[in-house]
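Chains as they are written, first to last, in numbering that gives the first Met the number 0: chain A, 0 to 500; chain B, 0 to 155.
Note that these hints are calculated values from the structure, not bench results.
It is possible that part of the hints are untrue.
Computed footprint of chain B on chain A; a stretch qualifies when at least three of its residues, placed anywhere within it, have a C-beta under 8 Å from a C-beta of chain B [stated by the list, open to error]:
(1) 100-107
(2) 178-192
(3) 392-404
(4) 410-419
(5) 425-439
Cβ pair distances, simulated, as ranges [said to hold, decoys possible]:
(6) A/E350 / B/A5: 48 to 56 Å
(7) B/L130 / A/K201: 28 to 36 Å
(8) A/Q55 / B/V135: 16 to 24 Å
(9) A/P17 / B/L134: 20 to 28 Å
(10) A/Y410 / B/A5: 30 to 38 Å
Heads up, the beta-carbon is just placed ideally off N, CA and C, and yes, glycines get one too.
Single-letter residue listing:
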Amino acid sequence: MDNIESLLHGFTIAVTLPHLALMLIGVLLGILVGVLPGLGAPNGVSLLLPLTFGMQPVSAIILLSSMYWGALFGGSVTSILFNIPGEPSSVATTFDGYPMARDGRATTALATAFGSAAFGALVGVVLITFLASWVAQVALAFGPPEYFAVYFLAFASFVGMGGAPPIKTVVSLAAGFAIAAIGIDTVSGSVRLTMGIDELVKGVSFVVAVMGLFGIGELLLAAEEEFHAKAVSSAIDWREVFRTLLGLPRYGWALLRSAAIGCWMGITPGGPTAASFMSYGIAKRFSARKASFGRGEAEGIIAPETADHAAGTSALLPMLSLGIPGSATAAVMMGGLMIWGLNPGPMLFIEQKDFVWGLIASMYVGNIVAVVLVLLTVPIFAALMRIPFFITAPLIFIICTVGAYSVSNSYLDVLLMLGFGIVGYLFKKLSYPLAPLVLAIVIGDKAEDAFRQAMLMSKGSLAIFFSNALVATLVLAGIALLLLPLILQVMHVRMTRPVLD
Amino acid sequence: MISRRALELATATLTGVFGAAVIASSIDNGIGWSTAGVDAGTFPFLTGVIVLVGSLWNLARGWLQNSQHVAVSASDLRRVIALFVPAVVFVAAIPLIGVYVASGCYMLGTLALLHRLSLQRSLLIATATPLALYLVFERMFQVSLPHGALGDVIGF
Chain A
0 MDNIESLLHG FTIAVTLPHL ALMLIGVLLG ILVGVLPGLG APNGVSLLLP
50 LTFGMQPVSA IILLSSMYWG ALFGGSVTSI LFNIPGEPSS VATTFDGYPM
100 ARDGRATTAL ATAFGSAAFG ALVGVVLITF LASWVAQVAL AFGPPEYFAV
150 YFLAFASFVG MGGAPPIKTV VSLAAGFAIA AIGIDTVSGS VRLTMGIDEL
200 VKGVSFVVAV MGLFGIGELL LAAEEEFHAK AVSSAIDWRE VFRTLLGLPR
250 YGWALLRSAA IGCWMGITPG GPTAASFMSY GIAKRFSARK ASFGRGEAEG
300 IIAPETADHA AGTSALLPML SLGIPGSATA AVMMGGLMIW GLNPGPMLFI
350 EQKDFVWGLI ASMYVGNIVA VVLVLLTVPI FAALMRIPFF ITAPLIFIIC
400 TVGAYSVSNS YLDVLLMLGF GIVGYLFKKL SYPLAPLVLA IVIGDKAEDA
450 FRQAMLMSKG SLAIFFSNAL VATLVLAGIA LLLLPLILQV MHVRMTRPVL
500 D
Chain B
0 MISRRALELA TATLTGVFGA AVIASSIDNG IGWSTAGVDA GTFPFLTGVI
50 VLVGSLWNLA RGWLQNSQHV AVSASDLRRV IALFVPAVVF VAAIPLIGVY
100 VASGCYMLGT LALLHRLSLQ RSLLIATATP LALYLVFERM FQVSLPHGAL
150 GDVIGF
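The following block holds chain A by itself, in its conformation from the complex (with noise of 0.2 Å):
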């Protein structure tokens, strides 16, 4: 029970009074950016980003991770109050959420979501108790070929199974391993891909990318659709909570599966919207209160908010044994990780010990603090959506101009965080996904450079991935991968050929 040992001794480092206060700090930003419109977990994320540098490792990620939790939880209230989804991956929350506050039933609609999100979360953080050291322990043997075929798995499962036009997935994911190799390739010292602007040659920031695809992006859908914050009451009632949270024990079922389709998309990484959609989903096909889906059903806030939780916890599983990360969020902390020194993959459980164990540690706590801290502070965030967007959506284009700009102290990085922005408005529209692009971005170099050095190896020989039964696996795995909305298409088109005859 080694887990058990150094879960304790994680506890001792999470549990201090500075990093509980960067907590609370943490979860509260992560509200804020969760239920304001335009700002999200992965563009908060990279907003606080350049404010940790002067940080130890393990504090920062303290905080950087409880905002993702805040940010979870945050979207999650203005989905069920306001029916507008402050995160896409609580969009699937809308359905049930907010038809049963609309009934006057907000609190118990509230504490099923955050009493589920809590129990996907906890799920999720007992998975990486348990699994994370081991899959770096496995890790550990792995050479450059292996970690290819991981990291083509990783990107094979985003089309495979991402839910998005494979295609576009595949642009996506390409334009995104591009832009991660603007600027000096780390093997040969050449400049790459700058286009004649010298000021390229440091690279593409994936904080500037993200604050332009997330942030920018987001804010002209919102400007676009113009919605109007019609609030249903958000005065809490605490009995209420309670009662409602005695009573989730009786969707034992649904809160299991959930939680298990969860996981899988977190690890996978299929990421929190995928996996909520796909819960959501399940849950309503194999209920028995099917027909009362969409008008206020317990289990319709269930599956998509347990998924969402489970998923966004798991996602940090790969990012930690494996350097590969789960969701778009956890690639922007992983990039954090990177800029503090730390070399994300299953060495980081050997030489920062101290760094993953308070990390763990602290996402059981976090997630306490988080869902007791939206719980109290459920009416004064209800009472901000009441600003109007006309005030709000200048002050978060100042604050992301802001953070692209104080990456570097470069005025380039706040244009490309503009041509990102429009790039973001396009993609969404168009639903090309865009955490396959921040995945490429932050981890195209050391894609690029598994795949070099493999083929170092093998003298340029292709055959080196199917070299072991380990490599062949992997890769015949992301093949599959590839080729499954291919088959799925061959196979709907045979199935539905005889109705057209």
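Following the hints, complete the assembly by docking chain B onto the known chain A.
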């Protein structure tokens, strides 16, 4: 009014041009296999090819798609422009007058002129914004934001 088809075509063209630029630029770095291993341009070249081919596919699909579905209606577009154009002006003004003055003017302009908020409130928000930026960045986190050419002149 912009149709979905037009937007699909425009986006696919945009990604396609990017892909082509990546290909052209990485050929200069050398592609293929040499004594030093995989040449620097190889990996970007491959990603460029994937982007270009995928874009052509998306372009063809967008072209064949015969829907008159509206992606952005005229009023949507007006709202997006009303947000984006002042924002671009704000960014363009930064090298001249610095972030602080620019953000104040930007807030005042959008609130009072564009959205007809009362002058009193607009002024309040327009002064509070740069002040908050200054306190958080310059003071708390010691991050210097651009003061612009104006800052050089008045010695800030």
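Hints, verified against the model:
no.	hint	verdict
1	100-107	violated (count 0)
2	178-192	holds (count 7)
3	392-404	holds (count 8)
4	410-419	holds (count 4)
5	425-439	holds (count 5)
6	A/E350 / B/A5: 48 to 56 Å	53 Å, holds
7	B/L130 / A/K201: 28 to 36 Å	32 Å, holds
8	A/Q55 / B/V135: 16 to 24 Å	21 Å, holds
9	A/P17 / B/L134: 20 to 28 Å	22 Å, holds
10	A/Y410 / B/A5: 30 to 38 Å	32 Å, holds
Violation of the numbered hints given earlier is confined to hint 1; every other hint is satisfied by the structure.
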